[in-house]
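Single-letter residue listing:
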Amino acid sequence: MDAVTVTDLVVDRGHRRVLPGLSFAVPEGQVTGLLGPSGSGKSTLMRAIVGVQRIRSGTVEVFGFPAGSPALRDRVGYVTQAPSVYADLTVRENARYFAALYGRGAREADAAIAGVGLAGAAGQLVADLSGGQRGRASLACALVGDPELLVLDEPTVGLDPVLRVELWDRFHALARAGTTLLVSSHVMDEAARCERLLLLRDGALLADTTPEQLRADGRSPDLEAAFLAVVRAHEAGSRAQAVRS
Amino acid sequence: MTAATHLSPRLTRTTAARVLRQLGHDHRTIAMLLVLPSLLLGLLHLLWRDLPGVPGQPDTFDRVGLTMLGVFPFVVMFLVTSIAMLRERTSGTLERLLTTPLSRLDLLLGYGLAFGAAAALQAVVTVTVAVTVYDLDVAGSAGLVVLIAVVDAVLGVALGLLASAFARSEFQAVQFMPVIVLPQFFLCGLLVPREQMAGWLQAISDVLPLTYAVEALGEVGRSAEATGRMWADVGVVAGATLLALALAAATLRRRTD
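If you're matching them up, the sequences are chains L and X in order. Plus 362 on top of the position in the first sequence (first one is 1) and you've got my numbering. Plus 869 on top of the position in the second sequence (first one is 1) and you've got my numbering.
Source of the hints: derived by calculation from the structure; they are not laboratory data. Warning: the hint list may mix true and false statements.
[To be verified] Partial list, derived from the structure: chain X residues whose beta carbon lies under 10 Å from chain L:
| no. | residue |
| --- | --- |
| 1 | His-875 |
| 2 | Leu-880 |
| 3 | Arg-897 |
| 4 | Leu-963 |
| 5 | Gln-1071 |
| 6 | Asp-1075 |
The beta carbon of each residue, even a glycine, is placed where N, CA and C say it ideally should be.
With the rest of the complex left out, here is chain X (with noise of 0.2 Å):
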């Protein structure tokens, strides 16, 4: 455990500047990071630009596009960090890095900030043509909902990066991904409002981390400053970041069979 309590915020930002290196060779990846989520947009802003709306309530799109924002770096981020740790692990270099002065919590924290930025990056991209392109209606401000976007993001990999340790083949890892992801996006409050939800049902919602960035992204849909209840659901979402990247450190272990 002693490694993973010596942090060096140096070997971090290497091994950072390595994982976007790599990204940076798959042009490809590059491309579909960053197109991908408004082309799926797009969609659905056709699915319902031709439908007449209810009076009162608000846009259907709005409500719905505005949640994607945040679904889409969360599952996408999930399943490339996924893939990338268990590409570490297969190839061999997790553990010649597990003999080096890198520590376990410095590699994952190394992760989290190379596909945070990579998110970032894909946030400020798929906002923009949202709100351009598509005339998704947000009250708020759009850098709140890129921000938002980012935590999710960053969620996203540090969830990847703990079911990467349980993953012993590509077939695994890639089920973890609606093992962990679709419950929470069905109890989000997307689908139905967390209020109608039976009482059992509502208390899972209330410790998914997914529902927290839901409900920010909400307040932000709703108000044009930011409220104090966005605050508090931003950093619920980075605590069980937090906590993800802490179990994740435990569960990668030095020494194995």
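Looking at chain L on its own, in the form it has when it is part of the complex (with noise of 0.2 Å):
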């Protein structure tokens, strides 16, 4: 089963065309990196999955409903890039909050901040936290709802490597226990840890892939010179293409 199915999805932003149509699915119960340089459509991408943004055509399905759809809200977790909380609540009130919009109470709020390792800072306004705590109190916001799909827009970024280790497997365990993970990332280590792999470049997937399949392709054991040997070949391809037309 797909969680996602994203066909000839064509997006806008002003005059630019970011996303000149994608189509590829998103496995259910695994976590699915999305790897990509910045700029490359990884966030608008995200945020036509979630359904916020406006879309010129194409489809995007979740669990078979149009994405964005009212009985999508409390199945689908978001976390955006940049971390969305009150920064003027404690990190206690934005997790009761969030919980009570998802129908939990005070203990999930609880464990969610638990789960991101804020125990100890729970009692602080979010204003007064380190960058990376204030992404970890953003991500506890979006667990809090325990969401079938989590939707997550680069969520290690700023952090120290063993919490990012521990996200990590974190993550795993959500999968294991049947959630499904859209991870974004710009750094190659992490794609590593995904089961699928999505390589998205200048709004075109170059490749849907797993790691295992990208480091044989690309001839490497390391993924980041596997994905560069994938970058190069598709650019071959698209020259020798546009010489012969």
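Build the complex from these two chains, which are given one at a time in their own frames, with help from the hints.
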């Protein structure tokens, strides 16, 4: 089963075509990585999947419903790249508010805070936290709803390595319990932690693959080098096509 | 549009509580909300205190002061709301809320409820100070003055929510205040009695909601008992508030570029 099905998705932002026609599926119960450099269209794609991006054409379906449908609102959790929590509330107050929106209580809110390692800072105002802590507070506010699909836009930016590993362990634990995760990143060492990979560059899907397959295709055990090889092969291919036409 | 029609009183209350909690962390704002209108009213009191009154006419401070009891909450809540909503937008929390089960109307009503409650507290303080310290003379009940002030404040909230949909920056949001508030203040009948206005100005005054709030306050100032006209005026202001909230919900887009 696929959690997300994207068909011929075209998105314009201003006069610029950001996504020129994407089609792919995100399988259920796995961690799918959305990899690509800054400006490749990752965030726009994620906004389309949670239903807040105006789209030009194409369809985005989540669990069989059009993205953003009321039926999906308590099944999809979304964490934006910049932490989107209330700076003038404490971590606990933020988590409890979002818990209430998803019909959950104070216990679930406290568990979500503990889950991102912020139990010690629960009573602190978000404005007084470090950047990494704010990001984790933002993550807790999505985890608290126990969604079936978690869309996380660069959730590990600015985190220390130990915390990053802990969060990835948690993502895998969630996936084992049946949650579908779509996690964007521009760091290739995180790609190795995903079960599936979507490689995005200039709005185009270069590869819908697995880490093993990418290593094989790029003829390198190093994912960064393999990604580069795939990009170069793709560019050589499109140049050859341009010459032929 | 579907989400705007799925109202949840529980989510509205939860959101109102969250907005009040945010306010609760900002002690200076609370102090200003509670004290500033009383101080400004005191300035007006001092301005007219030693001037001789016109025989047969109501005391100027009684007339102006009473009107300002309706204007202050309207202006303050308009400003506070437009900034609060703009913060939701720029911090990304609005986008996030739009992906949750919270409907747009729940969000807007939550704001109305929270700032309405803050306005009620403000009105109780201001009216009490006006009547006891500044000897503001009101024929009717002070409770009705508080009621009208609160309805007026919620009108300010609703118009602030609506205006914030059109503001893309803090600079724009702040400038909506004179655009929305000053014409209503100029034409409400305080500066020039409505009967003496040019016909077309009076026609504009007729469709501005603040006019009815000021008229309602005038009724309370003159009559010991609540008049039918006062209730009709309060009804018009409440109706305008609901209309503005509905428009604000309709202009709040879930999908943006």
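field: Which numbered hints fail
entry: Violated hints: 3, 5 and 6; rest satisfied.
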